[in-house]
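Student: For the record, the sequence lines run as chains A and B. The first sequence begins at 5 in the numbering used here and counts up by one. The second sequence begins at 5 in the numbering used here and counts up by one.
Source of the hints: derived by calculation from the structure; they are not laboratory data. Small disclaimer: the values here were computed from a predicted structure and weren't measured. Don't be surprised by glycine CBs; every beta carbon is placed ideally from N, CA and C. Among the clues, some could well be false.
Stated by the list, open to error - Derived pair list, reagent style SDA-like, types lysine to any residue, alpha-carbon separation capped at 25 angstroms:
(1) A:K137 <-> A:E255
(2) A:K137 <-> B:E47
(3) A:K14 <-> A:P134
(4) A:K137 <-> A:V350
(5) B:K137 <-> A:L118
(6) B:K137 <-> A:E279
(7) B:K137 <-> A:G89
(8) A:K137 <-> A:V316
(9) B:K137 <-> B:Q121
(10) A:K137 <-> B:Q121
(11) A:K137 <-> B:G89
(12) B:K137 <-> A:Q88
Claimed, not checked - Ranges of calculated distance between the beta carbons of each label pair, as one might list FRET restraints:
(13) A:K14 <-> B:R95: 33 to 39 angstroms
(14) A:G292 <-> B:G146: 53 to 59 angstroms
(15) A:S22 <-> B:G191: 50 to 56 angstroms
As the list claims (entries may be wrong) - If you want the ones that stay clear, here's a sample from chain A, every Cβ over 12 angstroms from chain B, calculated:
(16) R99
(17) D109
(18) D110
(19) S144
(20) S322
(21) E365
Protein chains: 2
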Amino acid sequence: MNMFEERLRKLQALMEVSGVDLTVVGPGADMLYLTGFSDEARERPLLLMIPVEGAPRFLVPELYAHQVEEVAAFPPTHVWSDSQGPEAALREAVRGLEAERVAVDDDLAARAVLLLQDALPRASFSLASPLLKELRMRKSPGELELMERAAAIVDRSFLRVLENVTFFGRTEREVARDLEGIVLEEGAAGMAFETLVASGPNSALPHHRAGERRIEFGDVVILDFGCRVGGYCSDITRTVVCGEPTPRMREVHRVILEAQEEGVRTARPGIPAQEVDRAVRGVISRAGFGEWFVHRTGHGIGLEVHEEPYIVEGNPLSLEEGMTFSVEPGIYLPGAFGIRVEDIVVVESGGARRLNRCPRELVAVAR
Amino acid sequence: MNMFEERLRKLQALMEVSGVDLTVVGPGADMLYLTGFSDEARERPLLLMIPVEGAPRFLVPELYAHQVEEVAAFPPTHVWSDSQGPEAALREAVRGLEAERVAVDDDLAARAVLLLQDALPRASFSLASPLLKELRMRKSPGELELMERAAAIVDRSFLRVLENVTFFGRTEREVARDLEGIVLEEGAAGMAFETLVASGPNSALPHHRAGERRIEFGDVVILDFGCRVGGYCSDITRTVVCGEPTPRMREVHRVILEAQEEGVRTARPGIPAQEVDRAVRGVISRAGFGEWFVHRTGHGIGLEVHEEPYIVEGNPLSLEEGMTFSVEPGIYLPGAFGIRVEDIVVVESGGARRLNRCPRELVAVAR
């Protein structure tokens with residue numbers, strides 16, 4: 005039995021237990037995981053439909069039929085053309101399934117969700133992530149190897165950025181472009197997401213992208229980037245200072261490092277995900293910065309940059325061996341600066357192990 | 005009244021006419037169009053909710069609250085944190101709306117669609133594109149100016165690619181990277197989509213990405229790329245040959261040029277979108293290649309690379325001044341080669357005008 009057939013059987017077994025009759029997945033990480041194929045196909049419904057028993061049904065726009073046939077583990081069973089539209093082919097594809105409970109891929113676009121609800125008017129719909137996360141969140145040795153390679157690339161790249169990239173006087177976007185060039189040179193198949201370079205007051209905006217602001221002496225600069233190897237992602241954040249850090253910057257950075265360390269120390273098999281968040285948040289709150297840590301502690305990572313398990317208050321999920329996620333506390337002082345440090349860890353029998361190994365200190369870059 | 009208030013009023017007027025009580029838009033082009041803000045916020049619901057009357061309600065994850073406040077035309081009204089989750093804030097946000105008919109953004113993720121269906125269990129759901137396309141598909145002079153700039157950048161870039169990029173012996177991905185470097189140097193804010201470089205037999209796969217195949221002498225190479233300026237996209241396809249084109253390649257290319265010309269000639273105010281597709285398809289079919297033209301003739305373009313109006317059989321929409329779309333016939337001979345040529349046009353009172361002006365001939369590149 006090949007890898008994809010094994011994943012299919014596991015999914016069908018989970019569906020059986022959960023009382024789900026049909027799982028529907030659109031282009032994206034779930035499809036990649038289940039078939040080896042993915043693509044964007046945004047406005048044309050391309051749906052892998054997995055009944056609780058039997059072979060998948062695969063609704064494919066004509067434009068993609070050849071590629072699906074070549075690449076995917078399962079053949080297209082219902083092909084539709086632009087001039088026909090997908091409705092009739094979809095009705096044909098679900099014929100005879102008697103699906104009462106349908107689970108859909110969390111990212112499936114509304115255009116496909118409403119189309120499915122039309123084709124299966126008596127079915128009740130829920131999200132497929134509870135099923136798929138069960139499969140995807142525990143990484144196999146083969147998956148981990150790709151993630152280690154992706155992590156090693158961003159580690160090496162960060163060191164080269166410190167050595168070779170000029171910060172002072174350049175825009176965030178220019179720094180991001182240099183950094184991405186280095187990551188690609190180091191052997192990445194591509195970036196995992198748009199690189200964040202947040203300088204000066206922008207560093208206090210947790211999701212600021214790289215923009216046109218020019219970096220000045222004295223600026224904090226947050227670098228948050230990741231790459232892909234064989235479909236699997238890395239993700240790292242380091243904070244540097246262009247020039248000399250102030251005592252306040254050093255203080256906040258020390259709290260972040262301690263919080264991050266505490267998070268990594270807390271994570272091990274059997275610990276609920278939210279306990280890791282609490283441990284990290286505890287350090288930051290005791291230091292008096294609790295109200296400025298405005299996001300969760302971390303997110304799972306694998307074929308997607310953000311996936312299960314989320315390391316957040318309210319998530320009682322017990323951590324298990326093979327789970328991979330970020331530990332990334334941040335403190336954001338509006339109008340002043342922000343600091344964040346992020347590593348990816350994998351849970352092993354003895355505790356969490358960092359996949360990222362490059363230095364976490366607050367580095368002062370002199371140019 | 006500012007531009008965003010004007011767009012809001014127009015949308016509410018359309019909702020009134022269509023009997024829609026509530027329009028819900030997630031991060032993406034529609035949100036950018038309506039508020040000036042967009043972001044990815046993938047797994048955290050971030051929803052602009054527009055009732056048929058009154059001010060928008062804006063459900064925003066805490067992490068994005070500051071950015072929405074700074075950038076968006078409308079303030080966040082319901083902020084939720086990772087530890088609370090979005091459910092309660094969403095129920096609060098829709099309280100008192102009595103929404104029976106809800107239109108959702110076509111790209112809205114299933115996780116948000118099902119959340120809304122839970123919060124509004126008696127409402128019926130439809131797609132918002134019929135409303136939003138009415139607003140977005142006729143471009144204002146300001147929008148057209150940005151699209152002309154984006155088109156001029158890819159035109160200049162193509163000429164520089166012909167002059168400076170080596171094809172022979174290099175991988176599709178390497179050529180794509182060179183091309184993207186040129187486009188960014190020419191002043192683009194970013195690429196509009198992942199550049200396609202399809203060489204040799206790969207050129208017969210309409211949606212092949214740039215891969216690891218090395219380009220050989222005699223290969224057809226399709227280049228399909230676009231960039232963004234001020235949020236607005238360009239998109240162009242040219243086909244070149246590395247070495248000398250065969251008579252068969254010349255023949256197919258001649259048919260494509262004629263079909264493309266016929267499409268541009270056909271498009272003008274009052275003509276149904278599908279007539280443009282028929283005109284293009286007619287030329288290709290009469291030349292005997294009908295079965296190898298496996299996709300629609302074109303797609304609208306603006307804040308998204310693919311948007312309304314789609315130039316496809318079955319779309320009776322009357323073209324109007326200000327509409328912008330691609331005319332991109334392709335012929336794909338499996339296992340052999342494919343040829344596609346694409347320009348963006350804008351419909352004006354006298355007919356369609358090409359925004360792309362660089363040569364469309366089959367160029368033989370000698371390296």
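Student: Against this structure, judge whether each hint is valid.
Tutor: Against the structure, the hints come out as follows:
For the hint linking A:K137 to A:E255, the alpha-carbon distance of about 38 angstroms lies beyond 25 angstroms, and the restraint is violated. Between A:K137 and B:E47, the direct Cα distance comes to roughly 14 angstroms. Compliance with the 25 angstroms bound is thereby established for this hinted pair. A hinted pair counts as satisfied when its Cα atoms are at most 25 angstroms apart, and A:K14 with A:P134 qualifies at roughly 13 angstroms. With a C-alpha separation of about 16 angstroms, the suggested pairing of A:K137 with A:V350 holds against the 25 angstroms cut-off.
Distance hint between B:K137 and A:L118 is fulfilled; the C-alpha atoms sit about 18 angstroms from each other, no more than 25 angstroms. Between B:K137 and A:E279 the alpha-carbon distance is near 46 angstroms, which puts this suggested pair outside the 25 angstroms criterion. Distance restraint check for B:K137 and A:G89: the Cα-Cα separation of roughly 19 angstroms lies within the 25 angstroms cut-off, and the hinted pair is therefore satisfied. Pair hint A:K137 plus A:V316 holds up; C-alpha atoms about 16 angstroms apart against a cutoff of 25 angstroms.
At roughly 23 angstroms between alpha-carbon atoms, B:K137 and B:Q121 fall within 25 angstroms of each other, so this suggested pair holds. Between A:K137 and B:Q121 the alpha-carbon distance is near 23 angstroms, which keeps this suggested pair within the 25 angstroms criterion. Simply put, A:K137 and B:G89 have alpha-carbon atoms about 19 angstroms apart, close enough for the 25 angstroms limit, and the pair holds. Restraint check: the Cα-Cα separation between B:K137 and A:Q88 comes to about 21 angstroms, which is no more than 25 angstroms; the hinted pair holds.
Judged by the Cβ atoms, the range 33 to 39 angstroms given for A:K14 and B:R95 holds: they are separated by roughly 36 angstroms. Between A:G292 and B:G146 the beta carbon distance is about 48 angstroms. The supplied range of 53 to 59 angstroms is therefore violated. Distance hint for A:S22 and B:G191: a CB-CB separation of about 52 angstroms, consistent with the stated range 50 to 56 angstroms. The claim that A:R99 is not at the interface with chain B holds, since no C-beta of that chain comes within 12 angstroms of its own (minimum 23 angstroms).
At the 12 angstroms boundary, the C-beta of A:D109 falls inside the reach of chain B, the nearest C-beta of that chain being 6 angstroms off. At roughly 4 angstroms, the least C-beta separation between A:D110 and chain B is not larger than 12 angstroms, which violates its mark as non-interface. The claim that A:S144 is not at the interface with chain B holds, since no C-beta of that chain comes within 12 angstroms of its own (minimum 23 angstroms). For A:S322, the shortest C-beta to C-beta distance to chain B comes to about 19 angstroms, beyond the 12 angstroms cut-off, and the non-interface label holds.
Listed as a non-interface residue, A:E365 keeps its Cβ farther than 12 angstroms from every Cβ of chain B; the least gap is roughly 26 angstroms.
Comparing the model with each earlier hint shows violations of hints 1, 6, 14, 17, 18; every other hint is respected.
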